[in-house]
Amino acid sequence: MSAQSYPNRWKRPPVLLTNPFWRRMIYAGALVYLALALQSVEIDWHRVWLGLDRGWKFVEGFLLPDFTTRWRDIREGLVESLTMTVTSTVAGILVSVPIGIGAARNLAPAPVYLLCRGIITLSRSFQEVIIAILLVAMFGFGPFAGFLTLSFATIGFLSKLLAEDIEECDRSQIEAIRATGAGWWQVVNYAVQPQVMPRLVGLSLYRLDINFRESAVIGIVGAGGIGATLNTAIDRYEYDSAGAILIIIIAIVLVVEYSSSWIRRWVQ
Amino acid sequence: MDSQVGTMTSTSTPVWHYRTPKQALLRWLGWFSLVALTVFSWQLMNENTIWAFVSDAPDQAADIGERMFPPAWGYTGQLWEPLWDTINIATLGTLLGVLFAVPVAFLAASNTTPSTRFVRPLALLIIVASRSINSLIWALLLVAIIGPGLLAGIIAIGLRSIGFVAKLLYEAIEEIDTSQVEAVRATGASGAQVIDYAIVPQILPAFWGISVFRWDINIRESTILGLVGAGGLGIQLNASLATLAWNQVAMIFVVILFTVVVSEWVSAKVRQAVI
Chain A
1 MSAQSYPNRW KRPPVLLTNP FWRRMIYAGA LVYLALALQS VEIDWHRVWL GLDRGWKFVE
61 GFLLPDFTTR WRDIREGLVE SLTMTVTSTV AGILVSVPIG IGAARNLAPA PVYLLCRGII
121 TLSRSFQEVI IAILLVAMFG FGPFAGFLTL SFATIGFLSK LLAEDIEECD RSQIEAIRAT
181 GAGWWQVVNY AVQPQVMPRL VGLSLYRLDI NFRESAVIGI VGAGGIGATL NTAIDRYEYD
241 SAGAILIIII AIVLVVEYSS SWIRRWVQ
Chain B
269 MDSQVGTMTS TSTPVWHYRT PKQALLRWLG WFSLVALTVF SWQLMNENTI WAFVSDAPDQ
329 AADIGERMFP PAWGYTGQLW EPLWDTINIA TLGTLLGVLF AVPVAFLAAS NTTPSTRFVR
389 PLALLIIVAS RSINSLIWAL LLVAIIGPGL LAGIIAIGLR SIGFVAKLLY EAIEEIDTSQ
449 VEAVRATGAS GAQVIDYAIV PQILPAFWGI SVFRWDINIR ESTILGLVGA GGLGIQLNAS
509 LATLAWNQVA MIFVVILFTV VVSEWVSAKV RQAVI
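If you read the sequences in order, they're chains A and B. The letter at position 250 of the first sequence is residue 250 when you use the numbering used here, and the numbering goes up by one with no holes. For any residue, its number in the numbering used here is found by taking its place in the second sequence, counting from 1, and adding 268.
Hints were generated in silico from the structure; no laboratory data involved. Just so you know, not all the hints are guaranteed correct.
[What the hints assert, rightly or not] For lysine-lysine, the following DSBU-like pairs were computed, each having C-alpha atoms within a straight-line distance of at most 35 Å: (1) A:K11 / B:K537; (2) A:K57 / B:K435; (3) B:K435 / A:K11; (4) B:K537 / B:K435.
[Claimed, not checked] One-sided and incomplete, this derived list gives chain B residues near chain A with beta-carbon spacing under 8 Å: (5) T359; (6) L404; (7) L418.
Just so we're clear, the structure is a prediction, and the values are computed from it rather than from any experiment. The C-beta atom is built at its ideal place from N, Cα and C for all residues, glycine as well.
Put together the whole structure using the sequences plus the hints.
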């Protein structure tokens, strides 16, 4: 009798959602949503079937890329993208360092803090492409609008992470420098800057990588760069040129990623 | 005489410097080349810039701002359906991406991959290729291949998500506690059972956190996919931009901002609950 009261099979308890009622509710809700969402997707299978041919052509273009026919356009787009990336990252860092210091609660007074946090939120809420649309309308087509877009987007990213890093600083070092009679500026220079510098370098390099990838996109809405060339190539159904451009983008991203991890190791 | 003594002492006693001359020179060279590169890039970039267009930007900005306000509140009625589409693109796209990302992550993690020489580089290549190409570019390609509509958007979001989710997930798999794996293996568990009982429970919180984080990003990205014809709010945005209806554009921006704020709140709540 007593042997039977021991369970002879073990059932694994769930890791998440331990309450069975809520677990079932969430599963049921997910199923209902999935059914509704899948219903709203209208698929024209005939069109997909026709497109498969074109898809195969793209795969062929990717495997046998054509670098030569449109090389002048590709080079122009690349030069625009790369120069845009460098200038916007540098400009973005220059602006985001003061904003990042202003958005750190342990360094800035309340009004400055709120203002800087407001700028960061504004910059982070909109996609680069949306900002690019507005700036192209204001500044005209070309890489200058792209430069402004990427700089603006860099501010939101870098200032936020820099501010968080400053807030996590070791307080004892700040107190020690302050105890020597240092002013606010000297505290920033001698206590905060050495602590956040390695991370700032790492974040800047990461943003350089992101800015290059974004520079390939904002060209689609007219902000210059390799994206415009890619858009034209796809519009002309020149999938071999498009494949070449995509391969160049992937290669540059790889080079930037590897070299930035190398530089980070060297700096830290 | 005095000055001579002064120079004597300054040369004989070593003076402490923060950096050796070589370090200082290297640093100076580094900064110099950075500035030179920036100036050079600036010159090259602005070769074709028409400064007249740039200088009248404040007027343009004032003009557009004037046309944007007040936003066309009545236009909201036409935005509900595209908004639903946008959310569906993001959610279904995330699901699709996660579905493919999980096996790729297990193949890419150095402690679970079947072969470090052949399979792992392939999985890493998939991750890099997916990560380097923005979802808007994937959408551009897919709209050309399978036609405009939600499906192109979903696949574009899915393809972009594979790399992101797989990268973060394989890093989580590589950081697991190996003693649990050994303990489960010691009971005689097979490879699949080791993954199921020793690895999955350890990475499950990270998995949900990563997926919800990516979903949040995907909501932002899917708002603009319509610009190239892949469905959602972007189609309305494109139409309003084409007709220069700036007050409708402003209304769409308000809806996008609201959606982004809500999705960020949801993802923050879920991540708090999970991790």
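Tested hints:
1. A:K11 / B:K537: Given that 35 Å is the threshold and the Cα spacing comes to 29 Å, the pair holds.
2. A:K57 / B:K435: holds (29 Å)
3. B:K435 / A:K11: Given pair B:K435, A:K11 holds - Cα atoms ~32 Å apart, limit 35 Å.
4. B:K537 / B:K435: holds (23 Å)
5. T359: holds (6 Å)
6. L404: holds (5 Å)
7. L418: holds (5 Å)
In terms of the numbered hints stated before, the structure departs from none.
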